[in-house]
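**Q** Protein chains in written order, with the working numbering: chain S, 1 to 433; chain Y, 1001 to 1157.
Source of the hints: derived by calculation from the structure; they are not laboratory data. The structure presented is a predicted model; accordingly, all values stated were derived computationally and were not measured. Possibly wrong hints are sitting among the right ones.
Unchecked claim - Stretch-level coverage of chain Y by chain S, calculated; a stretch enters the list once three of its residues show a Cβ under 8 Å from a Cβ in chain S: (1) 1016 to 1022; (2) 1044 to 1051; (3) 1135 to 1148.
Glycine included, every Cβ here is placed at the ideal spot set by N, Cα and C.
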Amino acid sequence: MKRYQPILTKYLDEPGSATIDFYLVHEGYRAARKAILEMDAGEIIEEVKASGLQGRGGAGFPAGVKWDFIPKNSKKPTYLINNADESEPGTFKDRLLMNHNPHQMLEGMIIASKAIGCHLAFIYIRGEFVKEARLLETAIAECRANNILGKGIFGSDYNLEIVVHRGAGAYICGEETGLIESLEGKRGWPRIKPPFPAIEGYLKSPTVVNNVETLCNLPHILNEGAAWFRKIGASKESPGPKLYCLSGGVQKPGVYEAPLGTLLETLIYDFAGGIADGRELKAVIPGGSSAPLLKADEIEGLKMDFPSVKAAGSMLGSAGIIVLDDTVDMVQACYNLARFYAHESCGQCTPCREGTTWLTKILARFTAGQGRLEDLDLILEVTDNIGGLIDFSQGSFGKTICPFGEAVAWPVRAFVEKFRAEFEAYLPREALA
Amino acid sequence: MSFAFDAPRTKRFKALVRQYPDRRSLALPLLHMAQDQEGHISRDVLLALAEMLKISPAELFDTVSFYSMFNLEPKGKYLLQVCQTLSCSLAGADLVVDHIGAKFKLKPGETTADGRFTLLKVECLGSCGTAPVVQINDDYYEKMTVDKVGRVLEKLS
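Bound conformation, chain Y alone:
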């Protein structure tokens, strides 16, 4: 199965080509767009994007593998990322991780069998003043407690 951008993203790609002075600089924007569309960066995505970027698939893989936000494997519909760096840790991030883990019977790094939730412990999300913070897909949930994260998850479940 080959990969292609859908119509709006194709339009966006063409606009980006005009905006940037250099083709390879589009690597991160295109990877974000492809991951938004497909959910992860598959082999087919990698091959297609390398061609669009005019670089070899190996060069693109070199880039992809460096960044924590690009998923080479499918993730759950909801990616639950709990910050574990110092300020969040001091504010009780571990309790939040434990709560989510117990609720879905997940260890960090795992996805529920129905493919809905993936739990990750991540490093500093840059929201230390409202610690602990959980990022669920594109959104930050700040000043989390076990109760509050429980309510957020109820809405998603």
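The following block holds chain S by itself, in its conformation from the complex:
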């Protein structure tokens, strides 16, 4: 097999890769120019649909289909929001894409804007990324100076402005309707759907929210064609390049680009150099902390694409791969994540607000050696109260407005079910009597 050549991170190590001069020399903005001058919106949507590009933010929804939900000839303005609120524990790819090649992302935004008829687009970037926000402001100014953003871009009659909007520390604003509420200057409380953002989004106008990495794929799809994109990766159903984030107990943590469908074992043992300090693999969280963990024997032959990881009982999510070696205390790890979710629950839905707090308290009791035997079943009951039944074959159905409920319920449940003995080992002797 021919060695895979990185597409999204091709210029990662080259000095000056964040500047427009570098980007233009390397054929930058060729696809955006084509989209603005030669293609109509329908043609762009069809091309992206044909490519099979799935959203890289976590849900894996087909990007072209999402755009197609935008009403044609809407009297209201249409908005594109670039979701750069990267906050899912284990995920750190979008920050890299922005730092090293902001113009690739801006070019993707121009293409997406043309596809949905947007003339004012936003980049909602997490508040802590102060440097990245400044870098993006600089990149946008470079574009304006080159007639790539502003009025009549590329000499056409198409106007497009991009505004950088900083969040202020709230995980839930990565959920697209929470993000929209936050952009409107409110608390980031997710909305009940429908109506979906494509019909009523920002300021009740048709809105598309796309992830940074999704947008970065667009210039390549327009340059090389949908058929080329379909061929990348193990499955035509879930194709394209993917950035995998490896952290935890590996030799070389970092972001690695490989096709979708790459074996998880290849990523851990070849790319990231295997388990650190000669330890053994215990479990892997394959798609950010919201993805239920898989035990070492469950990852054999596991292809990292959306359908394969789902079939294994977890999800590809954001491809934030957290590797847990045999020294990791699963009770502590579970407590750590429950505490994260309790802190980040937006508080709108009772099952989630109360349930995450309950889980954290029960797990804190465990880690302090004061757990009770009945607590294990209580944990499972609380996860059921938050996240409903677990049935991956029938999709998600829950008791909360947004998927945050499932995002805490499923992983906590997986920890307890798969490593029950470790939880029991934390029980004081009198609890077992």
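Could you slot chain Y onto chain S? The hints should help.
**A** Structure of chain Y alone, referenced to chain S:
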């Protein structure tokens, strides 16, 4: 004491009004600007910004209180935020917290008496590949160890 933006920020405010299609959407940008200028979101800031945003102070407070980055109380000159979520925790974030705490005799959440350092344990900063990470004001310090964070703090002290 009432609050007003300084001259450069007033100019920035006017530019933002032209950029955004709606006034309330300026809430987060204005809160960031005010906190940059004042160090925290005081009652006077809240009242002045609510007027600029054309919403009630209660509505603005509803927004402010939701976001962890907005400080309703003054913080130290250097805000030391140590990420404690899983990847950072596995990489030894607790040792970093303990070191900073011992050096300045601080518990997480506290500020030194001279007002220079505030120590916070925070949730995922999105830098798990270079864990553990400490954010000091606007900057990330990655792959921290007790030695490295010690050297960073020496430079600030």
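**Q** List, from low to high, the hint numbers that the structure doesn't satisfy.
**A** Of the numbered hints, just 2 does not hold.
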